[in-house]
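Numbering (full-length UniProt numbering), first residue to last: 1 to 200.
Careful, some of the hints might be misleading.
Claimed, not checked - Label-pair restraints from in silico Cβ distances:
# : residue 1 : residue 2 : range
1 : S167      : I72       : 10 to 20 Å
2 : V46       : H131      : 46 to 56 Å
3 : V103      : V46       : 16 to 26 Å
4 : A195      : E39       : 51 to 61 Å
5 : H33       : V158      : 11 to 21 Å
Claimed, not checked - No farther apart than 25 Å at their CA atoms in a straight line, the calculated lysine-lysine pairs in the PhoX-like style are these:
#  : residue 1 : residue 2
6  : K98       : K37
7  : K99       : K37
8  : K99       : K182
9  : K98       : K182
10 : K37       : K182
FYI, nobody ran anything at the bench for these hints, they're computed from the structure.
Each residue gets a CB set at the ideal place from its N, CA and C atoms; glycine is no exception.
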Amino acid sequence: MEGTEPATRGRTTAPDGNQGADSSVLMSSKPLHRFVKNEPRSLGIVILIFGCAELLMGFQLASETVQTSSRIYIPFWQGTLFLICGNLSIYTEIHPSKKMVTVCLAMYVVSLLGLVVSVGYRINCLADYRHLMYLARYEMEQPLGSYRVDQISGIEGVLFASSLCVSVLLIFLCAIARLALKSTHTQVIIQCVPAPPQTD
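When you get a sec, could you build the whole thing from the sequences and use the hints?
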């Protein structure tokens, strides 16, 4: 009942037919309106930026001879997952529907599982870099080795920190998407009506 008034208001205030339809769909389902109110498009743009950074740094790490996260192609598949999640978040705010929120939630969960793998592997790489920096500083034959290892460890450290930031954003998006889907479930109320008393 409460969704009929905002739906008509969305139709009358929209300048064209497409926006009027989108507004009516958005305002008629209140939980999806709550999801869109949290601005997933802005968070999607931030995730897109982190995804582009992952891909660009991945090309640099792929050319290194020491062990980096590009050995198991973490910057490439993780950057691709970030790009997909960011695009889906932007599209879902523009065209909200229960189906799109479900797709977004699935991609958020897949990206979080990938983040667990990448964070664990990068912690292992950073531990190896500390050992390599110790060896490079005390080897007189390669005085520039320590600077090179410092640069690689800096790149991996920045990507590690960005992965932690994206994980916080994805956990927040998962929470609001799950709440939106949970609230849109159809509820059936069964009311027991006593039978009228029988008269002789």
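Hints and how they fare:
no. : hint                     : in the structure
1   : S167 <-> I72: 10 to 20 Å : 18 Å, holds
2   : V46 <-> H131: 46 to 56 Å : 34 Å, violated
3   : V103 <-> V46: 16 to 26 Å : 19 Å, holds
4   : A195 <-> E39: 51 to 61 Å : 53 Å, holds
5   : H33 <-> V158: 11 to 21 Å : 37 Å, violated
6   : K98 <-> K37              : 15 Å, holds
7   : K99 <-> K37              : 18 Å, holds
8   : K99 <-> K182             : 13 Å, holds
9   : K98 <-> K182             : 10 Å, holds
10  : K37 <-> K182             : 16 Å, holds
Checked against the numbered hints above, the structure breaks hints 2 and 5 and satisfies the rest.
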